[in-house]
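Heads up: the protein sequence lines correspond to chains S and D, in order. Under our numbering, the first sequence is numbered contiguously, ending at residue 264. Under our numbering, the second sequence is numbered contiguously, ending at residue 264.
Be aware that a few hints might be false.
Put simply, identical chains are the same to the list, so a pair is met inside one copy or across any two.
[Said to hold, decoys possible] Simulated pairs of lysine-lysine, DSS-like, Cα-Cα distance not exceeding 27 Å: (1) Lys80 to Lys215; (2) Lys102 to Lys238; (3) Lys(-2) to Lys145; (4) Lys48 to Lys201; (5) Lys187 to Lys201; (6) Lys(-2) to Lys26; (7) Lys152 to Lys(-2); (8) Lys218 to Lys48.
Source of the hints: derived by calculation from the structure; they are not laboratory data.
Protein chains: 2
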Amino acid sequence: MKVISSINGMQNWSKQMRCKGKTIGFVPMMGYLHEGHLSLLRKAREENDYLVMSIFVNPTQFGPKEDLGRYPRDFGRDKKLAKLCGVDVIFYPEAKKMYPAPYKTYVEVEDLSDVLCGKSRPGHFRGVTTVVLKLFNIVLPNTAYFGWKDAQQAIIINKMVKDLNLPIKIKTLPIAREENGLALSSRNTYLKEDQRRQAIILDKALQVAVGMIQSGYKDPRRIVAKMRKMIKSQKTGRIDYVEIVDMNTLKPVKKIKGRLLICLAVFFGKTRLIDNAIICA
Amino acid sequence: MKVISSINGMQNWSKQMRCKGKTIGFVPMMGYLHEGHLSLLRKAREENDYLVMSIFVNPTQFGPKEDLGRYPRDFGRDKKLAKLCGVDVIFYPEAKKMYPAPYKTYVEVEDLSDVLCGKSRPGHFRGVTTVVLKLFNIVLPNTAYFGWKDAQQAIIINKMVKDLNLPIKIKTLPIAREENGLALSSRNTYLKEDQRRQAIILDKALQVAVGMIQSGYKDPRRIVAKMRKMIKSQKTGRIDYVEIVDMNTLKPVKKIKGRLLICLAVFFGKTRLIDNAIICA
């Protein structure tokens, strides 16, 4: 397994492999790997000749008051796990090489980036789409893999790829969860013991919502109200949003019908957790 | 010579050629070819195994009151000229295929897009960078060729390619001119006989500016004033801008020093012409 830090070095490696007719699977990450990340690596390993993962805590997707500085990092551990998953190359660039001054170019997916997490985190998705496009141009993958926990991110990246005609296939994989239902996230490491216990309510609330839809409830307001009540029953949870939205537009639906995303963001202390469920009604 | 209208068809053709290790030169155009376009085609023909040109009058780079509808088109003539220049493929897509509803994704090069022509044509360069990125992803060229008449466009595209780490080389070629100095442009066809005669002043004014700089003038205001006076001496010219700017930032300089772009946009009737000169002082 190689670690490549230089952008040219990475791009040249990929060009060589592509010239030989080899396929490249790519998993972009911020690091501090958990089972969710590993499931992406395993799938990509299965489906491609070569497997590249990137570790880059991308500054442009963090707001000025967010957790860029304290975002969990452990490159040594990530490297060991990557090797176990059969990664061929870790692309591990420096921020100043990714955004050499004066950096000016940004990609934006309109409308989809302004709702849900985009409303609470202005500029976040512009940062995500820009860095993902840069990484695609550097790693030149055939297929890139994303986790469904960041559902809005996955939907926006799919839209970018389609709109910009990128010659890349995107695959998304299901949310990995603890046995108690808590969605895996590198940010879970921030949680104190009682917060972690209380955060289990998020998955429970999603399951209740799915159950209500399956048993015929048609008014999203009633379902969202039930979910909010459940979350508020926990001492420390502070709701950012709970919404039921159309899978394509990410706009709240007025009636339960079609392919829907039930999604939420809730603060436990300073830690903002997100989770979601898809349902076809 | 092939004409390909389908996006997938074009991308697949290019993937095949790239897989065989062949190089692709690409000249994106709006059509209604003149000698400036042909010089790009000839250079690209010389330097690559295959030569692709696109003809696409891109709606997203025209303002609501601009000349999208009446922009000159003559595909039959363009096709003949392309064949004479050794073009292998003309990519000739439909607007509704390039921007299928609901289209959402745009690329923007900040600051550089807001000055000069960007000030007079809000959104123009966002339209240009977006379509050029899309065309690059569809045609997958090794090298793309642009004319220097659209100097700001060339500078912005170079910046986009660098910032987004696109694996593509950009080459720019000098402005092609009539014998009387008028810069070639598809829009020259709009000019009435007296406008065409008066438009010669643009090149003359640029030459005078270059001469003043070469003979030691240091104050850009004096040079710009001289240029404006020359242009205003013609009955029909209405100045949009005349500026002397830094080649990297496109900001007006206070003193004549370094690599500079002397650039102007002037209306003759409804026809907006641009022209420029580079100078190292």
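Item checked: Hint check, failures only -> 1, 4
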